[in-house]
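Asker: Produce the entire structure from the sequences given, and follow the hints as far as they go.
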Amino acid sequence: MHRTKCTALITSVLGPYFKDEMLKDIGSSPYSLLIDESTDIEVKKLLGICVKYFSIKHKKLVSTFLGMLGLNQACAEDIANAVFSLLESCNLETENLIGIGTDEASVMCAKQHSAFTLLRDKQPSLQLVRCICHSLDIIAKKAIRSIPSNVEFMIRETYNWFSTSPKRQDDYRELYLTLDGGLSLTLISPCETQD
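Numbering follows the numbering used here, with no gaps: position 37 of the sequence shown is 37.
Just to be clear, a hint being listed does not mean it is correct.
[Said to hold, decoys possible] Simulated pairs of lysine-lysine, DSS-like, Cα-Cα distance not exceeding 25 angstroms:
| no. | residue 1 | residue 2 |
| --- | --- | --- |
| 1 | LYS59 | LYS24 |
| 2 | LYS111 | LYS122 |
| 3 | LYS141 | LYS111 |
| 4 | LYS52 | LYS111 |
| 5 | LYS122 | LYS24 |
| 6 | LYS19 | LYS45 |
| 7 | LYS19 | LYS59 |
| 8 | LYS60 | LYS24 |
| 9 | LYS57 | LYS24 |
| 10 | LYS142 | LYS111 |
| 11 | LYS52 | LYS122 |
| 12 | LYS45 | LYS111 |
[Claimed, not checked] The calculated label-pair distances, taken between Cβ atoms and stated as ranges, are:
| no. | residue 1 | residue 2 | range |
| --- | --- | --- | --- |
| 13 | CYS75 | SER125 | 19 to 29 angstroms |
| 14 | MET68 | MET154 | 43 to 53 angstroms |
| 15 | LYS122 | ASP40 | 25 to 35 angstroms |
| 16 | SER89 | LEU187 | 43 to 53 angstroms |
| 17 | ILE188 | HIS134 | 20 to 30 angstroms |
Hints are computed from structural coordinates only; laboratory data are not their basis.
We put the beta carbon where it would ideally sit given N, CA and C, even for glycine.
Answerer: Shown next, in the form of structure tokens:
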């Protein structure tokens, strides 16, 4: 089967079938949404939405893709309206929405005016769950700012020095054994996190 026919089969037959099965599975169960905005290669703003619910059919929590919507702007109103639009098109009751998971972007979770507050206006018991990875990233960035840049340079160069030479790695293991008396820790590369 060629690419065109395969694409048509997925978008016209399989996709709608599995989405319908998923929506039947969700039914009137409580559910949560995971939402995040992004930009595609054409620099168009998108909103990806995943749904998390307990499947009675499968007897487990299910997290799956619900939809990808285009946004005019990545502002709180557009994001909230896109979420409501998708829920309506999927016949999912807003009353059953119990939580949303987002990153730390203020447009998503600010206390005064955000996608979360606009969603909560229609569903007062809605809970916000912030992404722990984004929180840890922010914490790590703030912590690293307090370290002088020459210390960070020394940490990076120490890794680079040992990682490129098997002899130096053997010397490191021997030194570690002498000083600590146990198995040496594996050296890992310090890495940049997203900005």
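Asker: It remains to establish, for every hint, whether it holds in the given structure.
Answerer: Results of checking the hints against the structure:
A threshold of 25 angstroms between alpha carbons decides the hint, and for LYS59 with LYS24 the separation of about 15 angstroms falls inside it, so the pair holds. Pair hint LYS111 plus LYS122 holds up; C-alpha atoms about 16 angstroms apart against a cutoff of 25 angstroms. Restraint check for LYS141 and LYS111: the C-alpha separation of about 23 angstroms stays at or below 25 angstroms, so the hint holds. Proposed proximity of LYS52 and LYS111 is supported: the alpha carbons are some 24 angstroms apart, at most 25 angstroms.
For the hint linking LYS122 to LYS24, the alpha-carbon distance of about 23 angstroms falls within 25 angstroms, and the restraint holds. With a C-alpha separation of about 23 angstroms, the suggested pairing of LYS19 with LYS45 holds against the 25 angstroms cut-off. Taken as a hint, the LYS19 and LYS59 pair is honoured in the structure, with Cα atoms around 19 angstroms apart against an allowance of 25 angstroms. In summary, the hint linking LYS60 to LYS24 is supported, as the alpha carbons are separated by about 15 angstroms, within the 25 angstroms threshold.
Proximity of LYS57 to LYS24 is assessed by CA-CA distance (about 10 angstroms); at most 25 angstroms being required, the pair is judged to hold. Proposed proximity of LYS142 and LYS111 is supported: the alpha carbons are some 22 angstroms apart, at most 25 angstroms. A C-alpha spacing of about 20 angstroms is found between LYS52 and LYS122, which places the hinted pair at or below 25 angstroms, so the restraint holds. For a cut-off of 25 angstroms, the pair hint linking LYS45 to LYS111 stands: about 23 angstroms separates their Cα positions.
A hinted range of 19 to 29 angstroms holds for the C-beta pair CYS75 and SER125, which are about 25 angstroms apart. Roughly 44 angstroms separates the CB atoms of MET68 and MET154, a value that falls within the hinted 43 to 53 angstroms. In this structure the hint that LYS122 and ASP40 lie 25 to 35 angstroms apart at CB holds, the actual value being about 28 angstroms. Under the hint 43 to 53 angstroms, the C-beta atoms of SER89 and LEU187, about 51 angstroms apart, fit the expected range.
ILE188 and HIS134 have their C-beta atoms about 22 angstroms apart, which keeps the hinted 20 to 30 angstroms range intact.
In terms of the numbered hints stated before, the structure departs from none.
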